[in-house]
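**Q** Please model the complete structure; the sequences and the hints are all you need to start from.
Letter by letter, the sequence shown follows residues 1 to 521 of the working numbering.
Accuracy of the hints is not assured; some may be wrong.
[To be verified] Pairs of lysine-lysine, DSBU-like flavour, derived with a Cα cap of 30 angstroms:
1. K414 x K370
2. K253 x K269
3. K305 x K370
4. K179 x K269
5. K416 x K253
6. K179 x K142
7. K449 x K364
8. K364 x K414
9. K448 x K416
10. K305 x K269
11. K63 x K449
In case anyone wonders, no lab produced these hints; they're calculated from the structure.
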Amino acid sequence: MGKTYTAIDLFCGAGGFSRGFEGAGIDVVAAYDWEEKFKDTFNRNHTHPVFATADISAGISGKFTSGSIDIVFGSPPCQGFSDARGNRDPKNADQFLRNTLPIAFVNVVNQVRPKVALMENVAGMATYRVKDGLFIDKLREKFADIGYDMTYQILNGAQFGVPQERHRVFCLAIEQDFKVAPQLIHHDIAGAFSSPTKYVTVGDAISDLPRNPVGAGETCEYGVLLENATAYQQIMRADNPNGTIQNHQIVAKPTEAELQILRRLPEGKIYRSSRFGDRYVGVWELFADLLAEDERQLLYFLCQKRTNTQFKEWNDTRYNEGFIRELKFSRDTQGRFMYPEQFPAKEPNPNRPPQVILDSLVTKGWLRTKQFRDSTSGEGFVAYDINSIAGVRPMYMRLTRLAPARTIMTTSFKVKELVHPTEPRPLTLREGCRIQSFPDTFIFPDSKKYAPTIIGNAVPPLMAQELGKYLRLLLYYLEDSRDTYYLDIIRRQCVTSKKLRKKSPTIAPVVTLLNFLPRNK
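**A** Shown next as structure tokens:
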């Protein structure tokens with residue numbers, strides 16, 4: 001398999017996908033994106049400075065004869081499919097266009113006619129519905145119309161050695177002339193070769209970086225010598241073993257109010273009073289030392305009932321939440337607030353009337369208010385709800401050193417998003433790069449302005465590298481009509497080998513990818 005295969009990257013951004021394919025020995029001969037701002041970063045960090053600005057929906061320029069390119073790969077913008085927006089229905093023409101960019105990807109595949117194509121997108125694309133069915137089924141039909149068989153599977157970056165739970169859908173298309181069909185991954189395979197305790201963790205990824213970030217444009221030294229670094233850190237430092245670190249800076253500095261939250265938030269916890277479970281911490285816990293006992297209990301009551309239609313005044317269809325008026329707070333026969341204790345008392349319970357407690361919490365800045373009008377009497381009244389300081393949204397998500405990170409997104413570097421496991425601050429850009437598996441030599445010239453977008457939107461290079469290795473193997477057997485029977489043998493050996501099962505979980509990516517194996521029709 002010594003042949004060098006060629007590839008084109010569509011919607012390349014700064015090139016995380018390309019960086020991984022280059023690491024797999026694939027020659028990326030062209031890369032297209034409509035955003036000119038990514039050009040300098042792409043060209044600086046790749047083997048060939050081949051970035052070109054293009055409206056991919058209108059096709060691409062370039063003298064590519066049919067079949068001269070082996071692979072077309074890319075990651076069309078995903079905002080329209082993402083559940084992170086809270087609503088996946090296109091609201092305007094621009095969003096509709098973004099949702100059709102995967103179709104533009106198919107059109108370029110038809111223009112270039114590669115042997116295989118690989119598209120990445122958010123997992124939500126697999127369940128996104130259009131007027132007459134699932135969008136991804138329409139995408140499969142589009143591939144079939146141009147002579148390609150397509151299948152898709154949701155893969156997790158953590159199973160590819162990336163220290164992050166990142167679930168993304170990958171669509172693999174093979175030219176029908178090869179008379180093979182891509183096979184879906186078997187749902188038990190990945191679990192047989194790895195487990196959450198064996199994944200690369202946040203601690204494995206960033207513990208050699210300095211605890212204190214530096215200013216924009218400044219460099220710093222590693223906190224751990226290369227020989228003492230973890231296996232993952234050594235991979236990230238491979239071309240920069242004991243050099244200086246760049247981009248180890250935060251994008252936004254916490255305010256004093258935010259620091260009060262960050263200093264209190266335990267490792268691995270999310271500050272959210274509107275959810276209940278082991279991973280969440282409510283305001284009544286985080287700020288127990290600043291709240292009277294009846295204030296803690298009223299806040300707990302409010303958060304338990306704020307989405308209940310019998311209590312809330314406001315039917316907000318987006319967040320399913322609402323404000324509660326004073327008369328709906330539980331009280332005893334003497335008009336005092338009464339609620340069973342759900343946590344040990346920090347001090348004697350004053351048990352004041354609900355209105356007195358509500359006024360106190362508003363004055364202290366824990367509640368927001370909204371005016372309503374009684375539907376029967378027509379009289380106006382005030383209702384109450386927790387605010388952002390009191391944890392109304394899933395904010396301040398502190399990572400743990402003992403597990404992979406939550407998904408890195410373009411917003412993850414804000415103060416109210418992902419928090420360093422032990423420090424009272426957001427992640428630095430370099431820490432985000434490590435979690436996304438960008439090597440330390442990948443530098444952002446205009447870091448603070450565009451880096452969060454580059455990092456958050458990227459396909460993790462380490463994951464892309466494993467995908468690239470698989471495509472090389474696939475192409476080797478597809479070319480010259482080689483018998484794909486041997487691919488099935490490799491697959492069975494990977495699944496049954498006890499020796500492989502005992503090895504490092506880095507073997508799992510190869511096993512996972514081999515389950516894309518084509519079968520003879």
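**Q** Given the hint that K416 pairs with K253, test it: the Cα-Cα distance must not exceed 30 angstroms.
**A** Holds, at roughly 11 angstroms.
**Q** Would you check the hint for K179 and K142, treating anything up to 30 angstroms between C-alpha atoms as holding?
**A** holds, 18 angstroms
**Q** Take the C-alpha atoms of K364 and K414, compute the straight-line distance between them, and say whether it is at most 30 angstroms.
**A** Roughly 25 angstroms between the alpha carbons, so the hint for K364 and K414 holds.
**Q** Between the alpha carbons of K179 and K269, is the straight-line distance 30 angstroms or under?
**A** Roughly 50 angstroms between the alpha carbons, so the hint for K179 and K269 is violated.
**Q** Going straight from one Cα to the other, do K414 and K370 come out at no more than 30 angstroms?
**A** holds, 28 angstroms
**Q** If you draw a straight line from the CA of K448 to the CA of K416, is it 30 angstroms or shorter?
**A** holds, 17 angstroms
**Q** So if I understand the rule, the pair passes when the alpha-carbon distance is 30 angstroms or less; does K63 with K449 pass?
**A** violated, 34 angstroms
**Q** CA of K449 to CA of K364, is that 30 angstroms or under?
**A** With Cα atoms ~36 angstroms apart, K449 and K364 exceed 30 angstroms; violated.
**Q** If you draw a straight line from the CA of K305 to the CA of K370, is it 30 angstroms or shorter?
**A** It holds: about 17 angstroms lies between the C-alpha atoms, which stays within 30 angstroms.
**Q** Mind checking the alpha carbons of K305 and K269 for me, to see if they're no more than 30 angstroms apart?
**A** holds, 22 angstroms
**Q** Within a Cα-Cα threshold of 30 angstroms, do K253 and K269 meet the stated pairing?
**A** Within the cut-off at roughly 21 angstroms; holds.
Checked against the numbered hints above, the structure violates hints 4, 7 and 11; every other hint is satisfied.
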